Amino acid sequence: MYTYNNNLWYAILVVLAFSFLAQWLVNSTYKKYSKIKAAKGLTAEQVAEKILAYHKVQIPIKQTAGQLTDNYDPRTRTLNLSSGVYGADSIAAYGIAAHEAGHAIQHARAFLPLQLRNNFWPVANFGSNLGPWLFILGLFLQFDLLIDAGIIFFAFAVLFSLITLPVELDASRRAVLALSGGRLLTAGELTGAKKVLSAAALTYLAATLMAILEMLRFLALRNSRRN
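If you count by the working numbering, then the sequence shown holds residues 927 to 1153, one letter each, in order.
Everything labelled a hint here was simulated from the structure, so no lab data went into it.
Incorrect hints may appear among the rest.
As the list claims (entries may be wrong) - When the alpha-carbon atoms are kept at most 30 Å apart in a straight line, the in silico DSBU-like pairs for lysine-lysine are as follows: (1) K1120 to K957; (2) K988 to K976; (3) K982 to K966; (4) K1121 to K976; (5) K957 to K976; (6) K988 to K1120; (7) K988 to K1121; (8) K1121 to K957.
Computed from a predicted model, the values in this text were never measured in an experiment.
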């Protein structure tokens, strides 16, 4: 019989609600500020190019399919902007482009949390995919070794989430400084960009909290089985 504190379930439900709220906030904030053009008149691709040039970082900037699929790929040292951002001249597009440029600058400056995340990603990805299945199989077979192995593997994914949070927050900090210092946005426009970046940060916080609670749920199930 597997029983554990109901408070854990309540916490999971609260974080789930927070996750949905964060995702809604990202979409609504992006939608709002993607309709407001920046006075500078540059495209997001040009904004990213200017920020990178100022920091003497030379990498290709490419367009990628999808919405909000923007990313910096450290493996190829490529900054990828989604089709809705790449050629756009909106406040939201500027914020997103500057954020991804922030990641490229982190990489060029050997920002320690980013280095840790990049090096840790393969094992974290492996643990995230395999850990839960090992845990479930261990419960089904009543095999403690598999249960513990699943928890250990999943712990790598939790650690990855914890490392990711400061990386993303720092990239947003660099984005705001670049947009402000480079006079790419006015003070009023910068407020809108900050809202877009803050909304995105909430999704990373929600993902981290959910990973931690999932880990606690695994541990509670294991302990309940052994008591």
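Results for each hint:
Restraint check: the Cα-Cα separation between K1120 and K957 comes to about 14 Å, which is no more than 30 Å; the hinted pair holds. For the proposed pair K988 and K976, the alpha carbon gap of about 15 Å is at most 30 Å, so the pair holds. The hinted pair formed by K982 and K966 meets the criterion: a straight-line CA distance of about 22 Å does not exceed 30 Å. This hinted pair checks out: K1121 and K976 have alpha carbons roughly 22 Å apart, not beyond 30 Å.
Distance restraint check for K957 and K976: the Cα-Cα separation of roughly 25 Å lies within the 30 Å cut-off, and the hinted pair is therefore satisfied. Our distance criterion of 30 Å between C-alpha atoms is met by K988 and K1120, whose separation comes to about 24 Å. For the given pair, K988 sits about 25 Å from K1121 by alpha-carbon distance, which is consistent with the 30 Å threshold. Only pairs whose Cα atoms come within 30 Å are accepted, and K1121 paired with K957 is accepted, the gap being roughly 12 Å.
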